[in-house]
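If you read the protein sequences in the order shown, they are chains Y and L. Here the first sequence stands for residues 1 to 293, where the numbers follow the numbering used here. Here the second sequence stands for residues 294 to 559, where the numbers follow the numbering used here.
Hints were generated in silico from the structure; no laboratory data involved. Only a predicted model underlies this, so the values are computations on that prediction, with no experimental measurement involved. C-beta atoms are modelled at their ideal positions from N, C-alpha and C, and glycine is treated no differently. Careful, some of the hints might be misleading.
[Unchecked claim] Computed from the model, here is a short list of chain L residues facing chain Y with C-beta under 8 Å:
1) Pro295
2) Arg305
3) Val308
4) Asp326
5) Arg371
6) Pro375
7) Pro378
8) Cys379
9) Ser381
10) Ala385
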Amino acid sequence: MTLLPTRPRALTPPTGVGLRSPHLAEAERHPGAAAWIEVHAENYMGGGAAIAPLLSLRRELQVSLHGVGLSIGSAEGVDLRHLARLKSLALRVEPFLLSEHLSWSASGGAYLNDLLPLPYTEEALAVASRNLDFAQETLGRRILIENPSRYLNWRHSAIPEGEFLAELVRRTGCGILLDVNNLYVTQHNCRADPARVLAALPADSIGEIHLAGHTRNPLESGGAILIDDHGGPVAEPVWALFAEAARLFPTAPALIEWDSNLPEFSVLTEEARAADRRRRAAMLGVATDAYVA
Amino acid sequence: MPMLHEIQHGVRLAVLGTSRAEIVAAILGEGADAEARLRIHRHNVLASLTEALKANFPVVCAVVHERFFAYAADAFIRAHPPAGPCLSEYGAAFPEFLRSFAPVRHLPYLFDLARLEWAVLRAANAPDAAPIAAESLRHVAVADYPNLALQLDPALLLLRTLSAVERIWAAHQQGEPQGPIDLGTEGARLIVRRRSGGVEVEATDSATFAFIAALRQGRPLSRAGAAALAADPFFDMALALRRLIAEDAITGFAVLPTRNRGDRQP
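Extracted from the complex, chain L is given alone in its bound form:
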């Protein structure tokens, strides 16, 4: 008599792979009938997970067309089944999978497009965080500003891409795009942000991108500003900061100790 874990392992292999003989023998009924019954579960698993991927990567699906998407999804699901039941979190490995999936190697932008959709999904699922009021920063002494670290809204994500895939994404938000889309040659620096009306994607300049990326890493203003100035010597930090606050993107702050502050004894 097979143990429960053997049955479950066998069904898993039969659903995701091809080795079915042993598990079919454990099912009551004639061979073909038992196979057909097992196929119902196999279909349930693959079809429902394909739907989940379609929901999570709708623009990739539209670009490659539904039938090809289902073919790619089938291969992906077998290689990377979900780890848990929340399917709005399924597909972290899908962009990387598409990059090495032979039939779409001639469409290198698919990788970035899938990464963008994954970022959109993560922004949509990020926890809520209340923004700080602009006035609360008034209590920070001017001398402490260089050491000020800002906490960013978890629903704000940054993405660097090799082509301007945000144009494909934007075109697909209003149905099927008309005509070809210029993907540029420069790549893009994108801010992905959940707002009350949904997730928005916006291309930004290299200095602003470097500034926000440094803040996201927990760097204080002085170092975030230096990173931005390295990208653009005319970067206006005060303006960038005011914009982040006005857009409710700052959810907390702290004055970091300077490196030598700990050496001083009171």
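This is chain Y alone, in the form it adopts within the complex:
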């Protein structure tokens, strides 16, 4: 009789799914299908009936609020009205995580509805820190800041992305939402080194990990650019980065994001279970290495 090797307890946090409105009814019918859910905050800020299904799901599941509109990189400051609405939504939903992006969207009173890239300069760091300080103080809680997908580099950027984020954590006490798909997309589009970003980030600041799909668009000048469209399954090299991130940040819960070409809800929950399996395998790798050492 052979003894089975003792498996280390895989106490990895379960992977959640990003919930979009076409899946709300399905998620309500099967509240056990997702471990937890994340929604875009802006979709629930109007009055009316939109929020009712979310509040009903909230009784069964932990909810994370993911904002896309705060524009913490805006030189002109954050929109106070928007911040007030985010606060009242957070008071109603009581999310276990609340996150935003390292980017900007508003200029001259126009909201451009894209996560636009910041130059990584001392000035931008001061602006983002000031805006983030103000937002966290107003909300009375920590915000997780997501590393963006980038399509261009500004000539005068002087600070590597990982160091920029680490300094933002140091100055404001914010957390980091590490999007490993964005890490990969930015590596390809802007020659940023994911290993360097991972090494720069303080481990205890990582509050969440995002996983998503991207597409490949050819450039006229030759080569291709990766577009972070959240429109398909997670790509293999992104899974590899996830394994690395899971080893470095074992307590941060992961999330599957899927926004365009939305499939059945069960495809999302299956992708989340695949993330759980990969995560356990990655953790097992660490345990084995540690045992051998």
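Model the placement of chain L on the given structure of chain Y, informed by the hints.
Coordinates of chain L only, in the frame set by chain Y:
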């Protein structure tokens, strides 16, 4: 080295307009490559805002067809970008824009149709308000009824149009309409109201419209009734009031002081 606000202003112009030279120079890479990279953001902004307008004005989009709608949306977005990130609130100026948009000047009903869709959207996004129970009005003394002001459900909106666009709207709620739609010559007085099953649009008569419009402006019953009677001498105010209550459209009330009441000293 450009300041952050200069970069942001430059990107804004490049995305919404045509002046790109300065901002392209700030992007790392060869000219064509830098242009192509900037175009990704330009596309993200214009395509996502076009989708938002399509979601907010689905019937206008169906009537003018998707390709033309995208063309009109592109011009609208450049002239009137959203002021904030809640895109279910984007497009207040779209009806007015369509009215003066040369390629659709021969379709005057589009303006009213877009106004109707905007009212539908506002009703959908209006805050919840609990209706009063019919019994609570029993505590109002009969003598105070002329001075009674009623608060209406914020999800009830009124709209006066020059043609019967509610027929187009209704026909498009069940897929593509079959055959031509008679837009009439009288125009319409519409009540747009969010109910549990969604937003409903209903045409009403001129007296009822005048009555509800006066209540909406905070006028007391006596003056709302007078406005309705001016439109129709046979207007039945008690019936109209009972219907508003039965439809949960009254969310509060107050007895207004009469003009000379303040003069009397106790």
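- request: Find the hints from earlier in the document that the structure breaks and name them by number, from lowest to highest.
  value: The structure breaks hints 5, 10; every other hint is satisfied.
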